[in-house]
Structures are given as structure tokens and as C-alpha cells.
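Protein sequences, first through last, are from chains A and B. Residue numbers for the first sequence follow UniProt numbering, so the first one is 1 and each next one is one higher. Residue numbers for the second sequence follow UniProt numbering, so the first one is 1 and each next one is one higher.
Hints are computed from structural coordinates only; laboratory data are not their basis. For each residue, glycine too, the CB sits at the ideal point set by N, CA and C. Hints are supplied without guarantee of correctness; some may be wrong.
[Claimed, not checked] Covered stretches of chain A, as calculated for chain B (at least 3 residues, CB under 8 Å):
#1 2-12
#2 52-58
[Unchecked claim] Some chain B residues near chain A, calculated using beta-carbon distances under 7 Å:
#3 V11
#4 L77
#5 R90
#6 L91
#7 L92
#8 G94
#9 P100
#10 D104
#11 R125
#12 P186
#13 A187
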Amino acid sequence: MNEDLLDIICCPLDKHDLELDIEERDEDDEIIAGTLTCTECGEVYPIEDGIPNLLPPDMREESPA
Amino acid sequence: MGSDDHDARSVRETYETIASHFSETRAHPWPEVTEFVEAATQVDLGLDLGCGNGRHAAVLHERADQVLALDASRNLLREAREKLDPTWVRLLQGDAARLPLADDCVDLAVYVATLHHLPSRERRRESLDELARVLSPEGEALVSAWSTAHDRFDADAEAETGFDTEIDWTLPGGETVARFYHIYAPAEFEADLAASDCRVIEFEVSSGNCYARISGKSRDEAGAL
């Protein structure tokens, strides 16, 4: 994930800003792992394998099947 | 909310399963999409909503400096990443009915063959409102959905509403995976757009799909409603 995305992404639930925590960057400065946390509701969205997962929590969880 | 949530997740999981094979069969952009993009002026930010393997994100880049490619399926986003240049594409996993994007940030968008996968009319209308919300005041989008006018459906294209169905995807090994579709009656597609925050600039039925060129409603209009 490129850090410039922070200017346009938001929490899918309440549309408030997200706070970025970086766990890993690659040699091109792309963010490979980390989290995005809603500054309003506190929901945490993971960045996995370089792609932010901004699915609302009810779609993110794997179904039991 | 319960059953809807499950269904939306099911559609995503279906595409997680078929992503690789699906992508092999989706090499070419649709001519209606190419035509829409080519008619646009050069802009900063494009959005491919329901990007799949990204074939239309590449078309958007002809007019947009940067392109957001958003899909619910992570495996499809991985397919898109293989094909697209990281200097201009920004991949996002998200739900079309609850967009993780700021108001007014998108200048040019395509929302192609995705709306019909959302499992309830309420969600489909929400996603149209969301698209209108993220479009800039000058922004435009092309929305398409499969319709009852398609040859493969034995349906009355003049009806007020379409129908829900499942259409199998057959994997190379012969395994089939069912995909949820809402097949739109053209009148229903127009009604959903009219009930949403989108303003329709142009509407047509082409190759069995409904197409609408839309913008967001201006603030004055929205206030007057």
C-alpha cells in the first residue's frame, strides 16, 4: 500500500479518518503489513500482503462453512 | 441485516474460489467501457469499483493519473496486481455498498458487472448512493448490470422488476461454484437510479446489459429534495 492512499481512504462504517500503523515496508517504501484504525469508532482494518482490507467487519470474517 | 451479510460474504467467497480461472477468461475490456473512458477529459483519480482482475482499471488509466481498484475479493485483487503497474494503481479490498472512500474524491469511475452481485435491493441502492457520494462535483461514472433483455434469460424485459438467480461457474476440473445474481429489468434499474443520489445523464440497454452514465447530484439539487 502506498502511503498517499491515506488522503482518500476512510472508515467504511462512519467515514471518519484512519490512523496508520506500519509493521513492515518493502524496498520501494510500500507498506506490506500494518493496521488502519478509525479515529472515531476504533475499528481496526488490517493491511495484509500490501493490500488494505477495508471490508466492514461483517464481511471480513470467514463464514463457518 | 443477518442474512444479507451472510450473502454478501458468500458472493465474495465465491470469487475467492474462482479468482484465478475467472481472471483468465476476462482479458478484454468491454467496448462500452472503453468508449465511456475515451470520451472523458484527463483527470487525477479514477475508480474501478468491483475491479475483478483489473481489466477496466487499465482502461481508466488512459484518462486518470491514478486509479483505485476496489474489489471485495482479495484473490481477484492479487490477479489485478499481477497485471497492473504499481506506479499508478492503488488496490483496495472493500464493499461496494459501504465504500471506504472520502466524499468527492473520484473524478471518473466505472462500476461494471458488479451491482448485480449485491444480494438485496437495499444494498444495491446504498451502493449507488455511495458511488454518488465519492464522485467529485465534475465526476462521472458508468454503471452496468446484467438485464432481463439478455438472450439467455427467458424473461419479460418489459416487467417492472427482474429476478434473483444463481449462475454456475465451472472450474477447469469440472467443479461448479454458484454465483448470486440479481438480473435487472431495465425499468427496475432506472427506478433504483432515480431513487438514489445519482443523476442519470444517459441510459441504454446494450448487449443484454443496462448501462447508465451518471454523476452525483449537485449539493443544490440534493438540498432541494
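Cross-check of the supplied hints:
Only residues whose beta carbon comes within less than 8 Å of a beta carbon in chain B count, and the region 2-12 of chain A has 9; three or more means the coverage holds. Interface restraint, the region 52-58 of chain A with chain B: holds (6 residues with C-beta to C-beta distance below 8 Å; minimum three). Proximity of V11 of chain B to chain A is violated relative to the hint, the smallest CB-CB distance being about 10 Å (cut-off 7 Å). At a threshold of 7 Å, the smallest CB-CB gap from L77 of chain B to chain A is about 6 Å, leaving the interface hint in force.
Checking R90 of chain B against chain A: minimum C-beta separation of about 5 Å stays under 7 Å; hint holds. Against a cut-off of 7 Å between C-beta atoms, the interface hint on L91 of chain B holds, since the closest Cβ of chain A lies about 5 Å away. The interface hint given for L92 of chain B holds, since its Cβ lies 6 Å from the closest Cβ of chain A, which is under the 7 Å cut-off. With 7 Å as the threshold, the beta carbon of G94 of chain B comes within range of chain A, its nearest partner Cβ sitting at about 4 Å, so the hint holds.
At its closest, the beta carbon of P100 of chain B sits 4 Å from a beta carbon of chain A; the interface hint therefore holds under the 7 Å criterion. Interface hint at D104 of chain B: violated, since its Cβ lies 10 Å from the closest Cβ of chain A, which is beyond the 7 Å cut-off. Residue-level restraint check for R125 of chain B is violated (minimum Cβ-Cβ distance to chain A is 17 Å; threshold 7 Å). Look at P186 of chain B: its Cβ only gets to about 29 Å from chain A, farther than 7 Å, so that hint breaks.
With a least beta-carbon distance of about 30 Å to chain A, the hint placing A187 of chain B at the interface is violated under the 7 Å criterion.
When each numbered hint is compared with the structure, violations occur for hints 3, 10, 11, 12, 13.
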